[in-house]
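In case you want the letters, here they are:
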Amino acid sequence: MIAVLRLSARNLMRYHRRTLLTAGLITLGVLAMLLFVSAAGSFKQVMIGQITDSLLGHMEVHRRGYVASVDNLPLNLNLSPQLISKVKAELDSEPAIAAYSVRLKLGAMFSNFNETTSIRLNGIDPVAEDAAAPGLRTRIIEGGRDGPLLAPGELLIPELLARGMKVKIGDSVVLVATNREGSVNGKNFKVRGVLEPVTGPGGRDAYLHTDDARELLRMDEAEAMEIVIRLKDLGKLDKVMASLGARLEQLTNPQGRPVLELHDWKGLSPFANIASMIDLMTLFIRVMLVAIVLTSVMNVMLMAVYERIREIGTLAAIGTPPSRILGLYVGEGLLLGLLGAIVGVALSAAVVGLLNLYPLQFPFGRQMITLHPTLSAGEMLSVALLVVGMAVIASLQPAWRASRMDPIQALRHV
Amino acid sequence: MSLIEASAVSKIYRSGDVEFYALRDISLTIDTREFVAFVGPSGSGKSTLLNLIGCLDHPSSGRLTVMGTDVAALDRKASAHFRGENLGFVFQEFNLVPVLSAYENVEYPLLMVRGWAPEKRHAQVMKLLDAVGMAAQAHKRPDQLSGGQKQRVAVARALVSEPKLVLADEPTANLDHETAHKVIALMKQMRDDYGTTFVFSTHDPKIMQAAERTLMLEDGRLVKEVQA
Numbered sequence: 001m002i003a004v005l006r007l008s009a010r011n012l013m014r015y016h017r018r019t020l021l022t023a024g025l026i027t028l029g030v031l032a033m034l035l036f037v038s039a040a041g042s043f044k045q046v047m048i049g050q051i052t053d054s055l056l057g058h059m060e061v062h063r064r065g066y067v068a069s070v071d072n073l074p075l076n077l078n079l080s081p082q083l084i085s086k087v088k089a090e091l092d093s094e095p096a097i098a099a100y101s102v103r104l105k106l107g108a109m110f111s112n113f114n115e116t117t118s119i120r121l122n123g124i125d126p127v128a129e130d131a132a133a134p135g136l137r138t139r140i141i142e143g144g145r146d147g148p149l150l151a152p153g154e155l156l157i158p159e160l161l162a163r164g165m166k167v168k169i170g171d172s173v174v175l176v177a178t179n180r181e182g183s184v185n186g187k188n189f190k191v192r193g194v195l196e197p198v199t200g201p202g203g204r205d206a207y208l209h210t211d212d213a214r215e216l217l218r219m220d221e222a223e224a225m226e227i228v229i230r231l232k233d234l235g236k237l238d239k240v241m242a243s244l245g246a247r248l249e250q251l252t253n254p255q256g257r258p259v260l261e262l263h264d265w266k267g268l269s270p271f272a273n274i275a276s277m278i279d280l281m282t283l284f285i286r287v288m289l290v291a292i293v294l295t296s297v298m299n300v301m302l303m304a305v306y307e308r309i310r311e312i313g314t315l316a317a318i319g320t321p322p323s324r325i326l327g328l329y330v331g332e333g334l335l336l337g338l339l340g341a342i343v344g345v346a347l348s349a350a351v352v353g354l355l356n357l358y359p360l361q362f363p364f365g366r367q368m369i370t371l372h373p374t375l376s377a378g379e380m381l382s383v384a385l386l387v388v389g390m391a392v393i394a395s396l397q398p399a400w401r402a403s404r405m406d407p408i409q410a411l412r413h414v
Numbered sequence: 001m002s003l004i005e006a007s008a009v010s011k012i013y014r015s016g017d018v019e020f021y022a023l024r025d026i027s028l029t030i031d032t033r034e035f036v037a038f039v040g041p042s043g044s045g046k047s048t049l050l051n052l053i054g055c056l057d058h059p060s061s062g063r064l065t066v067m068g069t070d071v072a073a074l075d076r077k078a079s080a081h082f083r084g085e086n087l088g089f090v091f092q093e094f095n096l097v098p099v100l101s102a103y104e105n106v107e108y109p110l111l112m113v114r115g116w117a118p119e120k121r122h123a124q125v126m127k128l129l130d131a132v133g134m135a136a137q138a139h140k141r142p143d144q145l146s147g148g149q150k151q152r153v154a155v156a157r158a159l160v161s162e163p164k165l166v167l168a169d170e171p172t173a174n175l176d177h178e179t180a181h182k183v184i185a186l187m188k189q190m191r192d193d194y195g196t197t198f199v200f201s202t203h204d205p206k207i208m209q210a211a212e213r214t215l216m217l218e219d220g221r222l223v224k225e226v227q228a
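Heads up: the protein sequence lines correspond to chains A and B, in order.
For the first sequence, the numbering used here begins at 1 and goes up steadily by one.
For the second sequence, the numbering used here begins at 1 and goes up steadily by one.
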């Protein structure tokens, strides 16, 4: 085996320019593939982290039908205090859950005493929200990130609203809301902080204390619209979704129908579709890489066989078994693939290391995204194996031709 | 039993409906340690007969046995195995592997065909390179050797696995007369030293004089036999 590979390596170096060109092409393919995977993966992680950590959590519980009409922020699809208690009991018994936060969502009018505009609000318990959506604090770009997220009588408002309404930290503003019965109520607030916008539903919402939200809506009981759940390990999302979903299905109305719906972040954010598109593009690039390896290696191997027909005839005549002749050419394909894969993976790792030293930043909507691309050993290994496997497959047909060659015809070849 | 026995061997090539007899009713025997030349003009059937004896091709009719093995009964794999175990080949254009040194070319049959152990292999390769006077050039690649030196390496390669029979197709055709005689002398010396049977083809009258037995072919027929 080693002798076969040694001779294969010698044969490859016989046409070293062609070999280096082909290996270089494979290297470029591997580099492009791995850089795309790492950059796209980093972008996905940043976006998913932002969406889940500062906005949606990993999962959310709502009354059935709420998500379908979430744009209207309906006040008649609330979770009653009794229902909330039952859900909390289920959540407390699930060890995979790290934290949860109960939110009261509403729409209101926002006034700076000169102008008025509409606003979407989340009533939160600051401590619970901090635990379930720890990224919310990092979105505070004005007003300081230390201390409690907010106190009663305070507001966290989105940046666009603050700029548009020319509202600064500490300014007094008024919120006016209409409750379920049609009664209008208003309350004064002080602006505690300005939030950086993020992509996704609720990315431009304001936050207030849940007691204030209840007061604004003249709500006697501790009702809520959603419960945001954070898991200890996002990798267990599907498992927890299945088990928790089954348990919440048991909570039914008098007609015996389930009253709750459980969604993961993918079901709530349109970014999940972008993430799927990125995965699809990764697949396409993988297919392109396969095509590059297949065509370049097969081309080189076909030329190698054609140029060495007499040599193949000689080797066959002196008794080299057909399987060994096949091995010689498959070995050349294997080594070509290995060379391209190893150099490609090493270059990719070096470039990814450089990108971490000098991170790439680019605007995404109103945000600046900073990429910290990473390459897992598994990803590098899988791409290397794919390349080597394809190189071997590409060399099989030329190698088969070489091994089946008639020695007499081959020896006569000019 | 003779080393090679041919009985009414014919070889027909077909091209569409046209048949061409490359060999017609060849019957001959060649014994161990013989030094035999097939001579004749181009197209007389010398190479075809060597190819049949070398198990590179099958006769169209008749019976040909080499070391008691019926050549027609061997399939591709069995033929390769038989050649690797029992035969050595020397080619007109030397046919050394260009990426291998003289040493590695001679080593090739032991390494890739016979699978000898490294120490035994090294000793055998050096013995043969020494025997053909190429030990000092062992590290050189074919493109660094003269035609005569290449053919010496090729003879060493043919003999390294200690075959009973070496077949040489026009081994001197690409050499000048002096070198050609040296190569033939070397082959004869190897026959004497190792007891190997040599069968070679030539159309050079001066070279055929070196053979101990000459079989003349014409239009695929064996027309004359001359014993030196």
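By construction, these hints were calculated from the structure, which means they are not laboratory data.
Glycine included, C-beta positions come from ideal geometry on N, C-alpha and C.
It cannot be assumed that every hint is accurate.
[To be verified] Derived list of chain A stretches under chain B, where covered just means 3 residues or more per stretch with a C-beta under 8 Å from a C-beta of chain B: (1) 46 to 57; (2) 314 to 325.
[To be verified] Derived SDA-like pairs: lysine to any residue, alpha-carbon spacing no greater than 25 Å straight-line: (3) B:K77 with A:Y358; (4) B:K206 with B:D31; (5) B:K120 with A:P321; (6) B:K77 with A:E115.
[To be verified] Listing some non-contacts, in silico: residues in chain A with all C-beta distances to chain B over 10 Å: (7) R63; (8) D71; (9) N356; (10) P407; (11) L411.
Structure-based check of each hint:
no.	hint	result
1	46 to 57	violated (count 0)
2	314 to 325	holds (count 10)
3	B:K77 with A:Y358	violated (60 Å)
4	B:K206 with B:D31	holds (24 Å)
5	B:K120 with A:P321	holds (22 Å)
6	B:K77 with A:E115	violated (93 Å)
7	R63	holds (75 Å)
8	D71	holds (72 Å)
9	N356	holds (43 Å)
10	P407	violated (5 Å)
11	L411	violated (7 Å)
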